[in-house]
Amino acid sequence: MTARAFSQVDVFTSVPYAGNPVAVVLDGDGLSTEEMERFTRWTNLSEATFVLPPTTPDADYRVRIFTSAEATPTRPSAEMPFAGHPTLGTCHAWLESHDGGDTVVQECGAGLVRIRRIDGVLAFAAPPILRYEPASDETIDEIAVSLRIARDEIVAAQWVDNGPGWVAALLRSPDAVRAVAPGEVRLDLGVVGVAGDRVELRAFFPRGGATAEDPVTGSLNASVAHWLRDTGRVALPYVAAQTTGRVHVSADDDGVIWIGGGTVTCIRGEVVA
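Residues 1 to 273 (this note's numbering) make up the sequence shown, in order.
Heads up, some of the hints might be wrong.
[Said to hold, decoys possible] What follows is a set of in silico ranges between Cβ atoms, one per label pair, in the way DEER data are often shown:
1. Pro-237 <-> Ser-32: 39 to 47 Å
2. Ser-136 <-> Thr-265: 36 to 44 Å
3. Arg-233 <-> Ala-150: 18 to 26 Å
4. Ala-212 <-> Ile-118: 23 to 31 Å
Quick caveat, the hints were computed from the structure, so don't treat them as lab data.
Yeah, the Cβ is synthetic: ideal placement off N, Cα and C, and Gly gets one too.
Given only the sequences and the hints, what does the whole structure look like? Please build it.
As structure tokens, this is what we get:
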């Protein structure tokens, strides 16, 4: 067992304890996959990350991302190729311990992810979507049952998986999203509502035999932004609300979507792992 530099970072907020926390082990060298999984479960957070030397000169660091959520049919492993708030939280912690500029390149299971400061907050370039297609009628029926709503309250549903396995359901309004009280959820499920420039999201996943809600979700916001833009339901930039967090969504001149938000360190020290 080795003492390793550690940070716990709150993401998509500038106010401590109001966003989505991630545990960041800043020196993951020598840890096995099983040890990383065990540590992630121990944190009792949705995700933990482990920083490693990059395998390519094009990256500043490499990160492995693990979730404590249960496996799903679309996410059979505890290790995730990409996740949004762990990406921003890891970059925040890495910048606090390294000399870095306003642009960082992260290596992860999904490849190289660009991160930069936009209007004073860290933002990542949305990764490619791995599965992007309308959900089947059977999947929509399952979503309606999971959300305990009528089938016709779902305007559209789309697979928007950029790593975690997301499927998203569009409801009739942001207020309908806020009112959802789900039952048993077996998929990594995003729910979104749009009214003008108001965008409201919520994210649910199975955990410990129950349904958990993610406070603020970068990966879901990234893929949902593609879907909403492609279908003409939103104009970028916009700020999405998700529980207490706020997600800044923008696009550059090349059409690349950037997902940003505040990041703040809540715990800094060492862990034995």
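Going through the hints against the structure:
no.	hint	in the structure
1	Pro-237 <-> Ser-32: 39 to 47 Å	holds (42 Å)
2	Ser-136 <-> Thr-265: 36 to 44 Å	holds (43 Å)
3	Arg-233 <-> Ala-150: 18 to 26 Å	holds (21 Å)
4	Ala-212 <-> Ile-118: 23 to 31 Å	holds (30 Å)
In summary, the structure agrees with every hint in the numbered list given earlier.
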